[in-house]
Structure formats: C-alpha cells, structure tokens
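Chemist: What follows is the residue order along each chain.
Number of protein chains: 4
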Amino acid sequence: MTLKVAVAGATGYAGGEILRLLLGHPKYLSGELRIGALTGNSNAGVSVAEACPHLPTLADRVIEETTPATLAGHDVVFLGLPHGFSAEIARQLPETTTVIDCAADYRLQDAGEWEHYYGSAHAGTWPYGIPEMPGHREALTGASRIAVPGCFPTGATLALLPAVAAGLITPDVAVTSITGVSGAGKKASVALLGAETMGSLKAYNTAGKHRHTPEIAQNLAEYTDETVTVSFTPVLAPLPRGILTTATAPLIDGVSQATATQTYRDFYADEPFAHLLPEGVQPQTQNVVGSNMCHVQVEVDERSGRLLVTSAIDNLTKGTGGAAVQCMNLALGFDETAGLPTAAVAP
Amino acid sequence: MTLKVAVAGATGYAGGEILRLLLGHPKYLSGELRIGALTGNSNAGVSVAEACPHLPTLADRVIEETTPATLAGHDVVFLGLPHGFSAEIARQLPETTTVIDCAADYRLQDAGEWEHYYGSAHAGTWPYGIPEMPGHREALTGASRIAVPGCFPTGATLALLPAVAAGLITPDVAVTSITGVSGAGKKASVALLGAETMGSLKAYNTAGKHRHTPEIAQNLAEYTDETVTVSFTPVLAPLPRGILTTATAPLIDGVSQATATQTYRDFYADEPFAHLLPEGVQPQTQNVVGSNMCHVQVEVDERSGRLLVTSAIDNLTKGTGGAAVQCMNLALGFDETAGLPTAAVAP
Amino acid sequence: MTLKVAVAGATGYAGGEILRLLLGHPKYLSGELRIGALTGNSNAGVSVAEACPHLPTLADRVIEETTPATLAGHDVVFLGLPHGFSAEIARQLPETTTVIDCAADYRLQDAGEWEHYYGSAHAGTWPYGIPEMPGHREALTGASRIAVPGCFPTGATLALLPAVAAGLITPDVAVTSITGVSGAGKKASVALLGAETMGSLKAYNTAGKHRHTPEIAQNLAEYTDETVTVSFTPVLAPLPRGILTTATAPLIDGVSQATATQTYRDFYADEPFAHLLPEGVQPQTQNVVGSNMCHVQVEVDERSGRLLVTSAIDNLTKGTGGAAVQCMNLALGFDETAGLPTAAVAP
Amino acid sequence: MTLKVAVAGATGYAGGEILRLLLGHPKYLSGELRIGALTGNSNAGVSVAEACPHLPTLADRVIEETTPATLAGHDVVFLGLPHGFSAEIARQLPETTTVIDCAADYRLQDAGEWEHYYGSAHAGTWPYGIPEMPGHREALTGASRIAVPGCFPTGATLALLPAVAAGLITPDVAVTSITGVSGAGKKASVALLGAETMGSLKAYNTAGKHRHTPEIAQNLAEYTDETVTVSFTPVLAPLPRGILTTATAPLIDGVSQATATQTYRDFYADEPFAHLLPEGVQPQTQNVVGSNMCHVQVEVDERSGRLLVTSAIDNLTKGTGGAAVQCMNLALGFDETAGLPTAAVAP
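Chains as they are written, first to last, in the UniProt record's numbering: chain A, 1 to 347; chain B, 1 to 347; chain C, 1 to 347; chain D, 1 to 347.
No wet-lab data here; the hints were simulated from the structure. It is possible that part of the hints are untrue.
The list cannot tell twin chains apart, which means a pair is met if one copy fits it or any two copies do.
[What the hints assert, rightly or not] Keeping only pairs whose Cα atoms sit at most 30 Å apart, straight-line, the calculated DSSO-like set for lysine-lysine is:
#1 4 to 186
#2 186 to 27
#3 209 to 186
#4 4 to 27
#5 187 to 209
#6 187 to 4
Starting from the given sequences, assemble the full structure and let the hints guide the process.
Modeler: Take a look at the structure:
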C-alpha cells in the first residue's frame, strides 16, 4: 500500500523542510510513501521549480490552493500554515487523515492562556510533539492529530526538562534564546530584510510578550509540583538557521556538577535525537544544522548559585520540519528515526 | 559481504562531509558498508565527540594517526589530505583497495602544468571524477583509483561544458567564482578569521595564480579543438558553503537564446545532479547547500556579444564530499545517486 | 551665514548615510551648516528615534512628507528618492537651491539609452558626480545641479578608467560586481529577506539587463575613441555593505605589470579617495566600510592575455552618500574632503 | 603645542579602532595632536599599507617593535596589548606620560579576584574608564593612568547600573551577552575561523569562567549595599562587531514600567553616549556600529516578576577604542565627545 502525503503551505520554510526530509525518507525511496498535493496561497499556480528551487526533483509539480478539497484523499496532511487558518483547515479534514499541524493552534492546554496570547478562541489541544518528554512518545504513537511544538519551546524544554524533573533547580528560569532569521518565516518585511538583520543582533517580543512563553512554562510544569516561572528573551541573530538556548535557574543546595551531568546523561541515554555533549564542549548551532538533533550541555555555576543549561537545535529541523516527520513516524508506526539525519551540514 | 571504508583526514571539512553522507547512505543503513578507521594528524587520539561534534552517532570513536597501517584492511579509502602527503599515502595502499583522493595530486594530465603550479614532481593521472563530462562516467565505473576534482573546476566545468562542446562560444573564457570560506580548509589563519571574512569580500590568487586554473582549462579542452584560454578570478565571500560561478565568453555569431537554452537542456537531460533552471531563475547557492546538485543558467547577452553562464554548487558536497561518494558509487557498482541528496538545506 | 540642508528620503539607506556624514562634517560641527527638513513617505509623521535609531542626536526630529513645500527654503537639498519621483521633485525646486540627486534620472546622456533601460521619458543630464574622472571635478565645482553616480558604475569606473584612458586594454570589458544587500534598498521583499540572502550568493539582472550597464559604458567611452563593450554581471552577497568589482579585458600587446602599476599609480597620485594598494594586496570591502575610499589593484595575467582590475568601495559611502557629500563640498566651495572618512570601520 | 600619541599594538583590533578615531579627531585635523609610534610584535617592520589596509592615510608608516624605547617621547600612549605584557610595558613608561591601557591589568580592585581569574600577580588598580558611572568622570579628568573597561562589562554595567543604583531590583543578575567575533581578537585559531563562526552560535567561558564576570560584579557593587551576584553567559555570534546584552533580575515589589523608564531616562539624561530608546524600540547592534553609543531599553516583566534590561554597543568602539579616546579626552581636558561618532554605520 502506498500512503499519500500532502503538504499545505509547501512554499513556506516549514513546508519546504518537511519536503526536503520526505524526499530522503526510506519510505519515499521505497515507494511506500508518495508526495501528493503541495499547496500555497500567493503561490498557487506557480511551479515548484520557481517557488522552491531547492527541491529540483519536484520541479515540474505545481502549487495548488490550500483548500479542504485539494487536501482531500491524502493519508497524511502536514499543515505549515498561519495559526487560525491552520485550525480552520484542520477542522475540515476527515478524522481518518493523520493531521500534523506546525501552527500553534492545538499546542496550549489552557484556553485562557491561548486567548491572552493569541487574541482568539482556543481551538483545542492535541497530542504534543516532543517525544522526548516522558509520556509523550506513547501519546503520539498512532495518533491521528498532532501539534508540532514551537521552535523555542523545543530548545528550552529539552535543555531544562531533566533539571526540572530531577529537582536540581527551583523552576524560576531565565531563558535567552538566540535564533536564526528563518524562524520569522517567509513574509516580506522591512525589519527582516538582509540589510536589517545581517551584522546585527536584536531582542524582540521581550518581557513575556513572546507567544512561546506559556508553551515553555506548560512543558516544564508537567514535571514539577512547584510553580514554574519563565522569563523569556528571544534574540534575532544573523544566521539562516539555528537556535541557541541559554537558561539559568537557582540551583538546589548541594547539587554538584557530577550529579547534574549524570542526571542529564541518564535522562537522554536512550534518546536518538537528544545528545549530551562531553564536558567542556558547548552546543554550537552549526553542529546541528539540517539534522534532527538537540545538543545539550549542563554546568553548575557555584559563584552565582545557578545551573546553566545550553542547547542547540536547527529551528527548521528538530524545531519544526524534523519534529513533524518524527511525529509522522510515530503516528504511522514507522521507525521513529526514519529519514531524520543525525549528522549536521557543518560547517 | 560488508565493505569497510576508511576516511583519512576525517576531521577536515572534506572528511567530515564524506562521513555525513556515508551515515545517510542506504548501504550504510543496511549494514553492507561499515565505517572503519578515521584518521587525522593533530587530532590523533581525540574522540570524534570533541573533534567532529556534528557527527554524534560516531561520538565514541577515536581519531587515529594517518599511516598506511591504520588504513590497511579497508575496501575503500577516502583521502582528505593535503596534496603531496596524499600521494605519499596513496602509493602505499594496495591495488585492490579503492582509493578516492580529494587532493589535487592526480588531477592534471600535463606534468609541466603540475610542476608550474605545485612546484613538485607530478604523481600521475587518475580517472577524473566528474561523471557528467562525456566519457568520464565510463572511466569511473569500476575504477580503483579516482581523483576527485577541485571545487572551482567542478562549478566552472559544469557551467561551460555544454557551450564549449556545442561550439556556442569561442573558448576564451572569463570566470569569476565566488566561494564560501570552508573552501579554504580548517587551518588556523589570521586572514581566515571570522572577523576578517564576515562582512567582507576579497579576490585572491588572481590573474592566473590559482591552482585550479589549469584544471578548468584541461576539462574544457577535452571537448574542443580550439585553444582554450581561462581568465580565472576566485573571490572569498562571507558564507560557510557554496560556490557561485559566473562565466562569460564571446558568443559565436547567430547563436540565439533558444539555441543556448536547448543545448543546455539536452546536455543535462539525463543527469541526476546537473539541473538547468527555468528561464528567469538564477542559481543561488542556498538552493544547493548540503545537496549534490549543480544548478545552471545560460543567457545570451546581445549587447556585449557574450554568453553568460552561471552555476551554483555546495563546495563541500558536489564540490568535494558528494563528488567523492558519487565516484565511490560508480567505482563499487552501486546506484550512482545512492545517499546523495538532491534537496538542499534551504534557507 | 548658516546653510540649511534638507534630506528627502531621509529614512532610506542613502538618506541615512548622508545624515551620518553630515553629523560629523566640520561645517555642521561649527554651526555653519544646519540640518533642516527630513522627509519620507510611508514614514511621514514618525520620529527619527523610531525611523532611524542609528542617528540618536536627531531622535526628537519628525519625518515630514516629501513635497516641494517641505523642501523649500533650503540652500542644499539631497534627494534620496526613487527615480522618476526624484526628477518630479527636482523640477519644482528653485534654481538657486543646490540639488544633489542620488537617483538615476540625470545620469545618462543618451535619451535612447534612458528610455530603453528605464521605460520613461529622459529628464535630462546633470554634471556627473565622479570627481576622479578627468574634467568632472571642474564641472562639479560650484554646480547647482549634480547627479550622484550609481554604486556599481562608481566601482567599475574607478577600476577601469586608468586602463582605458591609457590604452592598456581593448575596451571590451567583462565586469562582475559583487554587492552587499543594502544596495537593493529598504523595501519589504521576500527575495531580500535575511533568510533568503544570508548564506547565499545569486547573480541578478544579468546579461545586459542591469540599469547600471549603460552608465558604466558611458563613463569609459569618455576616455577612448574605441567602441566600448560592457558585459556586466551583478551578484548579491551576504554582507550589509560593500561592492567588490572584478573586471577583465584583453591586454594590449606588450603592456607589462610595471607599466600597468605605474599607470594606475600616476592616475590616482593626487586623488584623496582613490587608492592603489601595494602589489600583492587585494582590495577587501571590509577595509573601506564606512569610508569614502575606493581601493584598487591591477594585475597583468599573461596566461590569459587579459588585464585584471579589482576595486572595493562601500556602496553607501563612496557609492552613494559619501559621493553626495563630496559633491556638496565641491558645489559649495568647501574642502573636497571635509567630513569624509578615509579610515574604514574594520573589521 | 602639539601632543604626540603612540599606539602600542597598532595592528590589533583595539589599536586599529583607536587609530580610526584619532584620524577623525578634531585635534588631529587641527594639527594639535600628532600620531607618533605605531608598534606591533609579529608585524614589526611591516608597512601600515600591508598590516592595516583600512588606514590608507597612514599607508607609508612602518610598524615598530613594542618596547619602552619606541614608546618614549610621547605625551599619550595607548596600550592595545595582551594583559601581563601590557603591565610590563606600562611600568616602564614615565609618570608624565598619559597611559591608557586597553588590557585588563589595572581594572580589578581585588587582588584575590585578579589572581583567581588571571593566575598571576595583581598589577594594581587605575581609574576605571566608564565616565557614565557616577564619580568616575571626575576621577578620569586629568588622570595620567587609565584602565579602559572590558567590552562585556561596559554593556552590562550601562544596562544594569540605573536599576541597581535606584534599587529597582535585587542585584542577583542573569546576564547573557552576545558578541561579534572581533571581540576574540586577531589571533590565528581554528575555532575562530570564518567557517567555524559564520552561521553558528556558541556559548563559551560559561558558568562563571569568563574573566569579565568579576568586573561586572565590581561595577554594580559600587552602587548598592546588597550582595551582588552575577550569572554571566557570553555567546559568540556571526557578526564582526557588536554586543547585545540581555540582563534580568528579580524586580522589587511595586516597581512599575513608568518608574523603571523614568529612572533610566533621568539617569542618562545628560550622558552623550548612553541613550534610552523610546518604548517599544529594542537596541540593535547595527544601530551603534562604529559609534561610541550605548543604546538601552528597560522593561518590567510582570509575569515572571523580573526586570529586563537590554543594551547594544560596538565592542570595538564604546567597548574599547571609543572608550579609550573618550578617556583620553577627559585626561587631556578636551571636550569629552571630541572625535567620537554618535551616528552609526547602519545598515
């Protein structure tokens, strides 16, 4: 049997990354998985050759409009759409279709938080696509609706989770996440011009304003009874891809470097895509570009009495498209790691 | 049967890229191909976790010294070494080993040219690894010694070859090739510091001094009886990977845009890794990063009476490591395209 | 007496650079020159603090609309506007006002060329602002209407002029000019997003289509009786500022390196802003960023029988805003070099 | 009278920036200040044309060796040398010479902290060159020995000082400072190659290990009686120049956004080089490149109960060379702002 996969929002960065990964997926190479409709909005009617020149084997395909009709008849539908529109489309897809949503609509559990941050009615909550969070892999296996996490929450959660779960820290965390510019999407904007972003660094949506703030808090709160507080500072940096997260929190008295290291080593021992680096080696975004890996380092800072955790992911791979394919693998019962690179395109 | 593959110079950029591709190669995933010795010089004794953090699944491996002994007992040896040393090692490997050399030692046919440009004795000439050059695919198939081409000659040759072979131009070409900084290798140097290269552009080894100049001329001369003249200007630009080649030459009277486009379309019609873009779309290095593709465009400039050809490759993939794996596939009788991405890590 | 200066298009890159230079100009620091109206279109009503945060001493000023009325009553008006609109405004300014136009409207002498390239009626021809072109400094001195040259023509002209004027080459030139992204202006666009331009190289408006092509030809033709032919290939590269120009042309028999070097040295001996580098040192855009300099190198390539000339400028300084201020200095009878840095913001 | 100024370490980034600023300084342009010896070590004997091509008006000068003899006979000596060597030279200069030291030797007051962080004997403590710190301007005026601050401490101190001095926060601060690569100096290194730093982000010297940590703490402790704790995380980012500092600390109950904004506005009201941005505008390193400004923003984050302060400086200007010239102006009784740009080279 051949499974037919559609990508809505195929000309955006999330959609393009999902397609890159599908084209190298063993089920695609063996013919068991087929790429069906590719949809866009402003690009409808344009060839892939023009809209996505980085996908030459699909060059002759044509982008269709994003409607329930063009997405009908597919076994799997990836949604790489703006939130709101994503939920609107999702609601019209059959229950038998596996829907993997890269937008925010179904990530938050708390309707009040959703309304506060997004200013619209809450669409609902779907299984949340970080399989490395204890309990989530099971919920994702065989699921027919999956919410792919935000890119910042992925980096921050994988950095902080072992420390929170093991009670190494008071969960009052200060997170600074530095991101490449593809995180802002493919939409014309003066502030995101090359001339405005190259050679420059800028914080934005600071002081609790960024919509990923409650998602980070929600993830950490699953693993502690204490109140979780998140100070989140996103920074835009001049690179195309990558997120480096630095997070600190007050260290519980008596936690040593050895304990911290061992906690992280144990937590991620069996995870294919979360990797604790050797002592003295810091995560570097270059070393995860194009791969589905999250590199992590943990350090006890005795002078300041804080734990420092750092992580690196590719915001478009482990942060979006790779997570989406990892979730598809779980949803369809494939090998979870199929088609997902661990080696990075470095340098 | 399992084939055992060694990579000499595994901690350099060429070696690292070969390993990235091997780790995703279907023969590796199926267990038919195994990664053996990984060698380095200054890094001997260091773990891969520290020397190559972008290859986490090999993290526990240790870099060995580059000697004939450490490379013995392998079916395939990739050499990612400085020229001179590469030939010295190559000479000591058994004839039954498939040796794929990423250095320059065995690329040139003319010993005088070698001596002029490299100032040492010529080591010899091996089958030359651009399968897209008519006649070369046959010579590479089953070969046990292969010279992987230089990165600039790959971009310039694939750009100009159809025009030279079809006689669209007088082969007196002016080539400007703009390269990312990984092309200069992984060697400490003030001139190649981030602070000296970011935000800057500089030509280097200009006016015939670059060692890739005779290699470009040699490749084009295979397909014309006219004298080939190459003015070659390499430029260093602030990006990690990628080469954009722009080449012009006097147009033969009466050659139209339609003829030029058709010539290129026909020439590359069956090539998996050379791709003529639609009219109006220019090659962009971003669209080939991490892939083994060469994107090409051709234009008739009637005002100046010249043909303009442009091409984009990833200098470490199609320009080095990808070409090496493509050659390995031919040498060992695998599918030529196995393990070689066509989709790029864009943006 | 205090001169009052207006900048139309103050929130664009050209306008911002002119203001940066005026704020450090000795006539401004001494109070002899005063900054009057700052105009924009979409930004009218916005404070400089928000529209141009890089000019903090003007933070409290407000951007006005670009109209003849807001520009009235100024001794000098800089126009940093789109072509067409620039000429429309210029026509309505009094003859007694010194008008320095950074748009293309008054650069070309040939109305046919203008119409071919710009598709509208030719506005006229004004004194052309490259004082380093023999005869031009005189025409610019005291002029009340000045056309600031295009950024590419400045780099290409200063590179090729000595060779053309001295007859070292046949003026059939192949020019590749690699530019930073600020050259494309400050206008929302998907193709110019940081994510589309960082880590990427792309040629554009190739094969005679770029509007600066006839301007380069016009400049060179002033100094030779031979037919000038220009093959011009602009390339967009991932840096904010800077143009590196590489130009080759057939060498006249018998021209030696010594002759070429001496020709260039003599030609620019007394020029404050054109600088021949020592033999073996190539122009690097980093070394001219923020300065009004053009660095030049010239080399004889005996193998290909061509002369190679390379030049580096900052497209916003010597390429636009610096040239505009240099022209203002000549127009008003100030020291030509006043307020114009020769030292670059390197690295 | 003409003052003679020497720059030791003229070929490094600090030295080069000091020279760039001196060449535009009104006292240099008027002839009251003359540039004397330029020294280096590996570059001794090399022309400025080759060693510092960004300073073309000094092209014919020759770099001398750094010895007390070559530095003798100057009124002002700038030291842009490695720590240790800097103190060794400084000790041999006459008391009548104004010595402005860009190294760390004389910054710290606590000999124990010095020994812990630098592993050598403490050289002493000189007037510390942040005139914006209350009391320091007076100490710097007329001083003959000045310690220029570290680049990170400048950004962090100017960000946090008003909040600490006004008691808006508990001084238990978490600072993440993201720096361009010139901060690491001009020394050959694999880790700092363009290929290793472009397109990548990496934290380094984390968890209290960075030598600027105690300097930040020392500065803040001058203005509070509470214990100051600093968690400092430096991050290397792919840009040549610029530091963006993000700092958070627990907010004292009841401090409103209005109070925070007014505190900062008042604190910096008369400072020429510290600039509070309008609400809603975040500091961006691009907007301070090449200028001596520090842009600051302050925000109350009610959800996390923390204050967020962000600042942007050019690490080579306000972070080093500009601070050095500002200190020279104070030491010699010049206008403090002379020769120091406030407008940035943006974009």
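Chemist: The structure should be examined with respect to each hint, and the outcome stated for every one.
Modeler: Going through the hints against the structure:
no.	hint	verdict
1	4 to 186	within (26 Å within a copy, 43 Å between copies)
2	186 to 27	within (29 Å within a copy, 37 Å between copies)
3	209 to 186	both (22 Å within a copy, 27 Å between copies)
4	4 to 27	both (11 Å within a copy, 26 Å between copies)
5	187 to 209	both (21 Å within a copy, 27 Å between copies)
6	187 to 4	within (29 Å within a copy, 40 Å between copies)
Of the numbered hints stated above, none is contradicted by the structure.
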